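Asks: Assemble chains B and C onto chain A, guided by the hints.
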Amino acid sequence: MDFLSIADYAGTCAFAISGTLSASEKKLDLFGATFIGFVTAIGGGTIRDLLLGNTPVTWVVGIDYFILILSSIVFTFIFYKYIIKLKHTLFLFDTIGIGVFTIIGIEKALLFGINPPLAMVMGLSSAVVGGVIRDTLCNDVPLIFHKEIYATACIVGGVIYLLLSHFNINIYFSQTITILSIIIIRLLAINYNLSLPKITSAQE
Amino acid sequence: MDFLSIADYAGTCAFAISGTLSASEKKLDLFGATFIGFVTAIGGGTIRDLLLGNTPVTWVVGIDYFILILSSIVFTFIFYKYIIKLKHTLFLFDTIGIGVFTIIGIEKALLFGINPPLAMVMGLSSAVVGGVIRDTLCNDVPLIFHKEIYATACIVGGVIYLLLSHFNINIYFSQTITILSIIIIRLLAINYNLSLPKITSAQE
Amino acid sequence: MDFLSIADYAGTCAFAISGTLSASEKKLDLFGATFIGFVTAIGGGTIRDLLLGNTPVTWVVGIDYFILILSSIVFTFIFYKYIIKLKHTLFLFDTIGIGVFTIIGIEKALLFGINPPLAMVMGLSSAVVGGVIRDTLCNDVPLIFHKEIYATACIVGGVIYLLLSHFNINIYFSQTITILSIIIIRLLAINYNLSLPKITSAQE
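Protein chains in written order, with the numbering used here: chain A, 2 to 205; chain B, 2 to 205; chain C, 2 to 205.
FYI, nobody ran anything at the bench for these hints, they're computed from the structure.
Quick caveat: nothing in here was measured; it's all calculated off a predicted structure.
The reader is advised that the hints may include incorrect statements.
Stated by the list, open to error - Here are the computed distance ranges between Cβ atoms for each label pair:
id	chain 1	residue 1	chain 2	residue 2	range
1	C	28	A	192	18 to 26 angstroms
2	A	7	C	92	49 to 57 angstroms
3	C	92	B	64	30 to 38 angstroms
4	B	191	C	196	31 to 39 angstroms
Stated by the list, open to error - As a list, the in silico BS3-like pairs of lysine-lysine whose alpha-carbon atoms are at most 25 angstroms apart:
id	chain 1	residue 1	chain 2	residue 2
5	B	28	C	199
6	A	199	C	28
7	B	27	C	27
8	B	148	A	27
9	B	199	A	88
10	A	199	C	199
11	C	82	A	199
12	A	148	C	148
13	A	148	A	199
14	C	27	A	27
15	B	27	C	199
16	C	148	B	88
17	B	88	B	27
18	C	27	A	199
19	A	199	C	88
20	B	27	C	148
21	A	27	C	28
22	A	27	A	86
23	A	82	B	148
24	C	199	B	86
25	A	86	B	199
26	A	148	A	28
Glycine is no exception: its CB is placed at the ideal position from the N, C-alpha and C atoms.
So that you can see chain A by itself, here it is in the shape it has in the complex (with noise of 0.2 angstroms):
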């Protein structure tokens, strides 16, 4: 089993288990947490494979998310106290999964023969779209369009994937520069305080 792999399925729980907590922070109940904890992990990759076309969704074809998420959820409820203080291990898991999420959707739209610019799009809706429905679910505006550089080390990190690959660079050096890139842009913005401006703003 190779490092994309294992980094896919580590994104998943951590998403699944920011899912939970995000719902257990808005007082629903275990299935609502649930429902939230899986939407969140599963959400980005769906829409992706929906947009895509000709292919099934990852997830359902196979068992393996079904039964790392569900496990990851439950493991969520039983440890929540345990958990909710492990901010930076779960941040670091959640970095990771973006990082790789980004890859795998960019490498499977260019698979599909998609130009780049839009394998870029699948790449961050990989990565994105599963934040943003369960904020949306959770009747928030989405964190990522106001808050932290996220999305932007996405979109950084893609763009530096495809030029290596532009430049048959080895892929697992691609990869990893690419996934290091995602986090060292994120770990700065959170360290800095970085936040992308807003437009209002930008014009005063």
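Replies: The following block gives chains B and C in isolation, referenced to the frame of chain A:
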């Protein structure tokens, strides 16, 4: 025409009416109420069909659902004053609806060679996703995420159905038992005011 | 390049700009505004294509929509101060857009052998679903559910178009009449401050 088809139509009507009523409480106009009524009725089945892939979306290929749903909505507009008094009848139809949609979703998924636990997910999304979309569009946190034993009734019913199918029990018998279980669980839950625990309170 | 294609591009730009403006009023950051602008422009057509099935999602197979939408969004960022003053121009573009999207949706659906009333639904969803997603993501109840004669204009236009097609009227003539009807209905509605009744008030 078998029992399942009739119950499917009855459930579709109940969902269209419940969507229209929700929308009218939110002071939406006639178009808004029609839109919400429509989406509530077809939302769950649509998501199920898109996730399964390789199958047309049920209500798009024939005109029967469209006519049925539109009639239910217009009926609700005209007899609004009377319908809002028929809460018990509507509740019964709605409960039959989720029972039938759970079974239809599971059967369709099994037919596509989906794993039983994922077929369960497909059954559940047929039954509950319409309501989730309805509440999200009306700018509420979906009702089934924090109130009532609703999805839980579908899950228990779905597990019963899968077990009975596994042992090759007569299908009409299985269907009857499943729908009855879902109805009974929901009635008991309403009667004794049961609801699922929340993750946070479960920790205290 | 025929009139319909040009109007399609103009409508897409108008939708991208209106989405970006909505997002900036909500104080979203540049990524959030880009996301909303994009989804507003492609949302309706995407849902239509997914519902039809057996057809790729239009904006995914070519790069033209992507470039057009992204340019419109960047244009909005740069000329924000001027664009918000061009309300009438934008309104006109947007109205042309919904007219064109209604026709394109209906034509595509008829081509797939869909029943005329359902083709109408496909035309309508091409025209209005982008705005519904935009408002839902911005945490508002969709504007078209409670304000303005907007969807109604599309429905009347769509019925006119279907009738004219039924009698084999010249297609360019039918398209012109349809778009003009939609524009005129919407202008009249705005001018006389018309809106659809609500179901509750309709009972009093």
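Asks: Of the numbered hints stated previously, which ones are contradicted by the structure, given in increasing order?
Replies: As far as the earlier hints go, 10, 12 and 16 are violated by this structure, in ascending order.
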